[in-house]
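Visitor: Residues per chain, in single letters:
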Amino acid sequence: MWRILPSHLNVLVHQGHLYVPLLFDPDIARESHALISQGGAPEGAAGGSGSAAPPALLAVGEALFVPAVGVSSLVDNYARLFPFEHTERRRTLRERYSLTADLFGVALDPTLVTIIFHILPHFLRREGLRRRPRLTEGEILDLIRNRLPTPYHYCRQAREFLDVKPLQEALQRLERAASEPPPPPEGLMPAADVRAWWEEALAALLLAEERTRLLQELESREHWAAAQEGRLAVLLQVAEKGCLELDGFGFHRLKGGRGYRLYKRTGPYALQDYYGRVYLFPDCRVAVHTRGRLRPLVVDHYKHPFLRRQASSQFICVGPDSEDLTFSARNAIQVIEEGINTLLYSYDRRRRRGYHRLDPLPGMMRLVDFEDYRLPPDHPLIVSGRVEVTNRET
Amino acid sequence: MSDIQIKPADRPKKSQLPLPLVLEIIPGQAGEGLVVVLEPGSYETSTLRELCDQALKRSDYSIEERQILEDIKRQLKGGKLLCQGRDIDAPVQAFGTVEETEAGEAYLYAPVRAIKPQEGGASP
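First to last, the protein sequences are chains A and B. Counted the way the numbering used here counts, the first sequence spans residues 1 to 394. Counted the way the numbering used here counts, the second sequence spans residues 1001 to 1124.
Rather than coming from a laboratory, the hints here were simulated on the basis of the structure. As the structure is a prediction and not an experimental result, all values here were calculated from the model. Treat the hints with caution; some may be incorrect.
Partial pick of chain B residues on the chain A-facing surface, computed with a CB cut under 10 Å [claimed, not checked]:
1) G1031
2) E1032
3) S1062
4) Q1075
5) K1080
6) L1082
7) R1086
8) T1097
9) E1102
10) I1115
11) Q1118
Calculated pairs, EDC-like style, for lysine to aspartate or glutamate (alpha carbon to alpha carbon, straight line, at most 20 Å) [said to hold, decoys possible]:
12) K1057(B) x E1070(B)
13) K165(A) x E219(A)
14) K255(A) x D109(A)
15) K1116(B) x E323(A)
16) K1116(B) x D348(A)
17) K1116(B) x E388(A)
18) K1077(B) x E323(A)
19) K1080(B) x D1053(B)
20) K1080(B) x E388(A)
21) K1077(B) x D1087(B)
22) K165(A) x E210(A)
23) K1116(B) x E1032(B)
24) K241(A) x D142(A)
25) K1116(B) x E1070(B)
26) K1073(B) x E1024(B)
27) K1073(B) x D1087(B)
28) K165(A) x E175(A)
29) K1073(B) x D1060(B)
30) K1116(B) x D1053(B)
31) K1073(B) x E323(A)
32) K1073(B) x E1050(B)
33) K1077(B) x D348(A)
34) K1073(B) x E1032(B)
35) K241(A) x E229(A)
36) K1080(B) x E1050(B)
37) K1116(B) x D324(A)
38) K1080(B) x D348(A)
Ideal Cβ placement from N, Cα and C applies to all residues, glycine included.
Throw the hints in and build the complete structure from the sequences for me.
Guide: Structure representation (structure tokens):
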């Protein structure tokens, strides 16, 4: 916008609105002055209509001005209209106040926080059968630490992270900078003056946002400083690697920032067909993606009556009652469980619903064959109960 | 001459002695469930279903246990209780396995899952 407003051009700021000169046209000028003299529009910069809407036309001397834009919107909507330039200005400010050099804090993705502290505990099993209170954040990290080795590199990072001094210094530097945006100017002035105000107001807005961000980070780090360094090392490790598996539940970050894939292993299980013959199905991972609608899928190369073909990453046919759910801890748990329950407990050996049947009719063309999964009725895995026949009663 | 070593059984043997029963009702695929301990002599004549029904009707649970109870009841809307893939209309002795605490005390353990099977068979 500043390119079309030369610095020497006089503009008018009136009641929070930027007025630009009306291009001279003798007919329009005549009609406009006639309109103003009849009281159709207030004359003079100091004159106001008294209503919320800005006057459609203002005259200062012989010059006519028309409203262009609200001056505060120049600041407020800058990020939306010019996102790249906004990012560049923010980067420049961070450099100017040395905010980027000191901050090596781990940005904890809110989705990752939900997965670690709200979904993972649902699938974890602790030792013993004593009364088990709900796990706190620190206890969850302890559980992970006890089962997964933490490299030294993350312990060192945790020590650096717990040192909040650089962050406090950065905040002090910001305190010295102007925090309140100056009020918009008023009256007739060169466009350069309006631009100077705009630059100052924009910088104040960006610094206020930076201050909020730093305060949140400081609060977060002080919270973690109270916990043990080892717990933080675990968190840093998980945040950086973006993957974990415990007690058959796991997750990993998808490429290109497309969220996470959460999964739960089914373990081996067996299904019966109409004639009571047993089929052993291998372990597989039933997963959901955190982006978009939650739908259960089998990650591994797999075949099952409720999967369309033998392939990897196939959505499970869970039936028409499934809801359209988006990501939250409760919804993700529900959808993963629906997927597992479908594979393990939902094949009705009499009704044989699904894409495929375990026991096809004679002469029926088989797109997916389960003969290789068949076990003899006295197979040790079944007789000993190590592998459950999960659709015996469903 | 080396001593003869007897290999322990892979699976715990069914108990012949009166033992306390540890009944765990697990909602869906959760890792942990609602744990109820029954003294010897108080459960032998009941089916596992009767014991589960009694456990689910109790009202003296802690806040954490009540949350698990809610999860179980949610699964049971259209779902059922299964132990080792079977219905639970049989005496508990048919399901339980003998396990030991860290202190070496034996108990009969019966894990029951509240499962809500899906309809399946139609693409979502």
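Visitor: Look at each hint and say if it fits the structure.
Guide: Checked hints:
no. : hint                : result
1   : G1031               : 4 Å, holds
2   : E1032               : 6 Å, holds
3   : S1062               : 7 Å, holds
4   : Q1075               : 8 Å, holds
5   : K1080               : 7 Å, holds
6   : L1082               : 6 Å, holds
7   : R1086               : 6 Å, holds
8   : T1097               : 9 Å, holds
9   : E1102               : 7 Å, holds
10  : I1115               : 5 Å, holds
11  : Q1118               : 4 Å, holds
12  : K1057(B) x E1070(B) : 12 Å, holds
13  : K165(A) x E219(A)   : 13 Å, holds
14  : K255(A) x D109(A)   : 15 Å, holds
15  : K1116(B) x E323(A)  : 15 Å, holds
16  : K1116(B) x D348(A)  : 14 Å, holds
17  : K1116(B) x E388(A)  : 17 Å, holds
18  : K1077(B) x E323(A)  : 16 Å, holds
19  : K1080(B) x D1053(B) : 12 Å, holds
20  : K1080(B) x E388(A)  : 16 Å, holds
21  : K1077(B) x D1087(B) : 16 Å, holds
22  : K165(A) x E210(A)   : 17 Å, holds
23  : K1116(B) x E1032(B) : 17 Å, holds
24  : K241(A) x D142(A)   : 18 Å, holds
25  : K1116(B) x E1070(B) : 14 Å, holds
26  : K1073(B) x E1024(B) : 14 Å, holds
27  : K1073(B) x D1087(B) : 17 Å, holds
28  : K165(A) x E175(A)   : 15 Å, holds
29  : K1073(B) x D1060(B) : 16 Å, holds
30  : K1116(B) x D1053(B) : 17 Å, holds
31  : K1073(B) x E323(A)  : 19 Å, holds
32  : K1073(B) x E1050(B) : 16 Å, holds
33  : K1077(B) x D348(A)  : 19 Å, holds
34  : K1073(B) x E1032(B) : 15 Å, holds
35  : K241(A) x E229(A)   : 18 Å, holds
36  : K1080(B) x E1050(B) : 14 Å, holds
37  : K1116(B) x D324(A)  : 18 Å, holds
38  : K1080(B) x D348(A)  : 15 Å, holds
The structure fails none of the hints (numbered hints given earlier).
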